[in-house]
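If you read the sequences in order, they're chains G and F. Everything in the first sequence is counted per my numbering, starting at 1 for the first residue and increasing by one. Everything in the second sequence is counted per my numbering, starting at 1 for the first residue and increasing by one.
It should be emphasised that the hints constitute simulated quantities derived from the structure, not laboratory data. Check the hints yourself; a few may be wrong.
Said to hold, decoys possible - Computed list of lysine-lysine pairs in DSS-like fashion (alpha-carbon distance at most 27 Å, straight line):
(1) F:LYS57 - F:LYS13
(2) G:LYS73 - F:LYS57
(3) G:LYS3 - F:LYS13
(4) F:LYS57 - F:LYS70
(5) F:LYS53 - F:LYS70
(6) F:LYS71 - F:LYS18
(7) F:LYS57 - F:LYS3
(8) F:LYS71 - F:LYS57
(9) F:LYS70 - G:LYS3
Since the model is a prediction, treat every value here as computed from it, not as a measurement.
Each chain is listed here by its residues.
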Amino acid sequence: AQKITQTQPGMFVQEKEAVTLDCTYDTSDQSYGLFWYKQPSSGEMIFLIYQGSYDEQNATEGRYSLNFQKARKSANLVISASQLGDSAMYFCAIRGGSGTSYGKLTFGQGTILTVHP
Amino acid sequence: DVKVTQSSRYLVKRTGEKVFLECVQDMDHENMFWYRQDPGLGLRLIYFSYDVKMKEKGDIPEGYSVSREKKERFSLILESASTNQTSMYLCASSLTGVNTEAFFGQGTRLTVV
């Protein structure tokens with residue numbers, strides 16, 4: 001079985017500052033993928049960034065980067081230079097690569113980020 | 001443009017009714033998923049399908065069933081709706097592979113009264 005834990009129900013950040021959203025995962029798979037999604041108040045789910053379990057470098061996509069620490073089973077999202085439009089719910093997810101978790105996409109509880117002007 | 005379409009945005013049903021939530025994707029994706037989203041609980045996987053007529057239980061399948069007769073369509077069925085199934089339901093689809101992102105529909109807010 002695979003699991004995602006997001007321990008921060010809510011986070012606040014000042015505009016233009018950086019913020020880190022925590023994500024830890026549990027899986028027995030050797031091959032897996034980690035994803036972050038953003039859900040604004042409109043409700044749509046927006047894919048942000050992906051990290052593969054065999055990737056040696058941390059993934060980056062514009063202002064988003066993923067701090068991947070495999071030994072600690074953590075995949076924290078870092079948003080640099082926060083903008084008001086970053087205020088949203090953020091979900092971390094894991095996709096299994098073998099066995100009973102193959103193909104399964106499991107999400108965490110989410111973190112609500114509020115950016116203050 | 002990639003599209004996952006859920007048949008209804010809002011739905012109100014009575015306790016005991018049989019409810020069908022429909023999801024259609026136009027991307028020729030093998031995998032399709034049904035989630036429910038509740039405050040504080042995030043997205044919880046109900047069922048997923050990795051091919052036509054193939055399905056796997058997710059983490060909370062009780063009270064639900066699914067049907068996938070065609071590749072593009074994945075239906076979620078509440079055999080006898082109950083008030084604790086009041087929730088936001090999200091459908092998603094993706095290609096096969098750990099590195100493939102899922103694309104989501106706009107969600108169906110179901111209220112069971």
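Evaluation of the provided hints:
1. F:LYS57 - F:LYS13: Measuring from Cα to Cα gives roughly 24 Å; hence the hint holds.
2. G:LYS73 - F:LYS57: holds, 25 Å
3. G:LYS3 - F:LYS13: Violated, at roughly 32 Å.
4. F:LYS57 - F:LYS70: holds, 19 Å
5. F:LYS53 - F:LYS70: holds, 8 Å
6. F:LYS71 - F:LYS18: Between F:LYS71 and F:LYS18 the Cα gap is close to 23 Å, so the pair holds against 27 Å.
7. F:LYS57 - F:LYS3: holds, 24 Å
8. F:LYS71 - F:LYS57: Holds. F:LYS71 to F:LYS57 sits at ~18 Å (cutoff 27 Å).
9. F:LYS70 - G:LYS3: Violated: F:LYS70 and G:LYS3 sit about 30 Å apart, past 27 Å.
Violated hints, in rising order: 3 and 9; the structure is consistent with all others.
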